[in-house]
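Q: Each chain is listed here by its residues.
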Amino acid sequence: MSKGRCVLVLMALLTAASAFGADPAPTRVVGALYGGPITDAGYNQAMHEAVMAIKTTVPGVKIIEAENVPDEAGATRTMENMIQQGATLIFATAFNHQYPALALSKKYPKVIFEHAGGWEMGPNFANYFGKPPDGWYMMGVAAGLMSKTGKLGFVAAFPMGWTCTFVNAFHLGAQSVNPAITTVVAYTFNWGDRAKEADTTNALINQGVDVITMHVDSPATVLTTAESRGAWSIGYQSLAAQQFAPKYWISGTGFTLGGKVSWLAKTVVDGTWKPIFLRTGFDDGGMAVAPFGPNVPQSVKDRVQQTRDKIVSGAIVAFKGPIVDQSGTVRVAAGAVLGDNAMASVDWFAKGVIGSPK
Amino acid sequence: MTWLAVMGVLSSAIFSGVSLLYATLGEVVGQRSGVVNLGLEGVMLVGAAAGFAATVITGNPSLGIVVAMLAGGLMNLVLGYLVINRGANQLASGLALMFFGFGLSALIGKPYVGTRAASIPRIALPGTAYLPQRIASLFSFDLLIYLAVPVALLVWWLLYRTRWGLALRATGESVAAVYASGRDPGAIRYQALFVAGMLAGLGSAHLAIAYAMSWTEHMTGGRGFIAVALVIFSGWHPVRAIYGALLFSGAVAFQLLLQSAGVPVSPFLLDTIPFLLTILVLAVSGGGRRHLAPAGLGRLYSGRE
Amino acid sequence: MRAAAESRRSPALAARIRSGLSRYLVMIAVTLALFAIVLLVSGSDLAASFRGLFRSSFGSLYGLSEVVVAMIPLLLTALAVALPWRVSLINVGGEGQLYIGAAAATWGALSFPGLPPVVLLPLMMLLGFAGGVLWALVPALLRAAGTVNETITTLLLNSVAPKIAGFLIFAFWHSPMDTVKTANFVPAARLPAFFGSRIHLGIIMGGALLAAFWAFMKWTRWGLEMRAIGGNPEAARRAGIPVRRLLLLSLCAGGGVAGLAGMAQVSGFYGVLLLNFSNGLGFMGFLICWMAGGQPLGIVLMSFVVAVILAGGDVLQLTSNLPFAVINILLAGTLFVVLARPTLFGRQKS
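Protein chains in written order, with this note's numbering: chain A, 1 to 358; chain B, 1 to 305; chain C, 1 to 350.
By construction, these hints were calculated from the structure, which means they are not laboratory data.
Don't take every hint at face value.
[What the hints assert, rightly or not] Restraint ranges, calculated between C-beta atoms of paired labels, are given here:
(1) C:A235 x B:W157: 40 to 48 Å
(2) B:V6 x A:A334: 22 to 30 Å
(3) A:D347 x C:N321: 33 to 41 Å
(4) B:G222 x C:V119: 37 to 45 Å
(5) B:A180 x C:E234: 45 to 53 Å
Even for Gly, the Cβ is constructed at its ideal location relative to N, Cα and C.
Only chain A is shown next, with the shape it has when bound in the complex (with noise of 0.2 Å):
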């Protein structure tokens, strides 16, 4: 038994140096959750780089992050553990960190919280997020002007409301320049499942399918895959995506944040933060069209060069009615206009995508 006895003391003194050990200075904590790897050249990596540029605008902060949290539970028990590690202000990037976080914020009123993408406010927890819909329909203009086929393909993790919208946008664009074009969606039911990403791309392709794009975690495997088939591709999230597709890239639409979140850090630190719906897009540079590619035509590249501006000054909305859905309701009647709340919990497609919105 002296072998198990060493090994006794030698863990009670690692228990005892470990209780003894000093915290270094407390310096300005900053936490941030993502619910995949943040090296994903896509959403989380978007993200990430967002939270990074909080070190140009405060000194000396302390950032600690959390990959692959895609879950409530886990969110909430990595929320407590951020702080007790000390952190003020916490960014929650994932869609479905929303309801834990908004518990936190009730139990921690001193506690900032930033969620990506949601709804909800409270004193202190507010939102952030982008304008993907403009930027999908912008990407959509510039799908209908270079498929030859007239069908493009649409990789989606799951059936949910941003989703379809993002593809509703994305096919009103290609509509507004292609009457006839038909959108087909498949989904992988997994944010990351790179093996299904590369089936879902080719199962499109085979169907007729010569432009793809993607809402997943990563646009990496759906780009990749495409260029072996030849085919056009338009990339989303991060503006990293381009690498992958260097033939067939068409353009894509990526998030910038890291200007509107180290304004928000800024303003924690400096003790001004308001709960605010933020909500930032192509006019104010949260959000970026990526470069085009080497084989796009330039009447292409002004086209979309023409939208972008329209949609800036406000001559093109997106979601403007009349809007018609698969069986043919109307969905947003002539005149009116799909508000930002209703994004999020869109379960339609519109007349011309092939798919299940459900």
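Following the hints, position chains B and C against chain A.
A: Relative to the frame of chain A, chains B and C by itself:
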């Protein structure tokens, strides 16, 4: 249903099923020597992570494939040590290996999530060059796919036409008889496990380097478990494993075809079909199949070993 | 006379307790050592990581409560393996049985939101148990008929169950705002929590079932018969014990308990049915049962250890930039040591 769509299912089944086939072949070799590897999922993950990491570091995908094979072989040696040298229960050891693989692969692969790596080139199937690119690209396979059937035949030849294979199968039937004939069943099992691990590594290398061209945690998606079942499905025979793997991945590809054609059947339900089919086949031919099994496995399954 | 007999018994009992306890302490020490090795190899700050680990699990009441919360499903999934193990059946299907039990309980929660908790919760428990039994039934029948081994069928069904849960979620139970889960359960459908923490009634379920299992095996006739089958099924059959029936019942009961674990998770912990909510709970139960040698008290202890490791994984990310999945190395390593050196843990080599 266009010609392209049907060909697409076949192509998808091949691309997706090759990794499954290699893993199944490896497990056939292992089980033929009397060792069941429930941790195959973990072995494949480590192979994939190591192979992908090596590809990124050296820029040479072929080297990555070799590294993946070695990693798989080494993982299986761990199982071998527990089961052969320490006489531990195979199922528990296999599951422990699975957990180990989950963790080790995550550790190895972490710096390479989202990284782009060189991939092995794809060669068009001879005779498809004149087809339109959309169809031709369906049949542009990489080297590992072309090698799949030859490797299956090689495994068959190894098991049934060489003395090594004979000794291996004898070990699966009766360890005592092998001792009596003057050979060392432990050494034979180690060799079998190493070969099995290399084949599993080959399969996962294809998945990570040639097909998905990336690394994420748990990217093998259950292929390790499916392979263990497919071994029984194909009656512990390497050539029949080809059909099993094709059938299985074909069913998955079919589900995607239906989805993208707008057919409103739940993809979740369609995804269960391959598994249920396997269970059905096993149940229907169960009694008969037992005769095909290496006798040594029977004791294992009754929990007494 | 009696005094002499008692004094003869108590040192033996004391010695047994001491050796049992030291066995588990050694296991814990092994885990800590492995943890240190992993940290060293990956170049992390050893002191900060250990500090983070201890503080997040023992350093605060919240941390300790979170460990207990993580223990609850483990107790049940380990029992789900331990029960059939007594008749030498290997149940690796806990993962699948968990999902079906959770789905069945979810159906109950979403279909009867108006019922009072006193009625709804037991109904959900029943549904959860039934779901798990259903999922173990086919493998059990095939095994009892001697057709297919239950290891393979349960393994395959493990992969089918989450897909069925997914189908149910997306086809019937979710709305566009819910992404990958169902609508939230009404409060009546949630297992009540204690002391303002997240520890829920599931802990009572787990503890009670383990105690019942211990009593059952020790004192009832069936327990005796099961042990006989586990020792030597042929002799048991000759002695008139209904072997086939007990095999079936054991596997199904094990499945039912795993189904209860699923119910406890969706009702007590999550409050919704979340797609792919189990990250290996069924397999961890197998691991725990193995390390504990199928003994109820050991299961409680090892569940605690594994729960601490799981809590540690969360903190690992924050303090040493290691992915959560690294804790699997710890779990595996501990089991490796138990398998390789069973005598260190007072067990016979199998």
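Q: Give me the numbers of the hints this structure contradicts, sorted from smallest to largest.
A: 2 and 5
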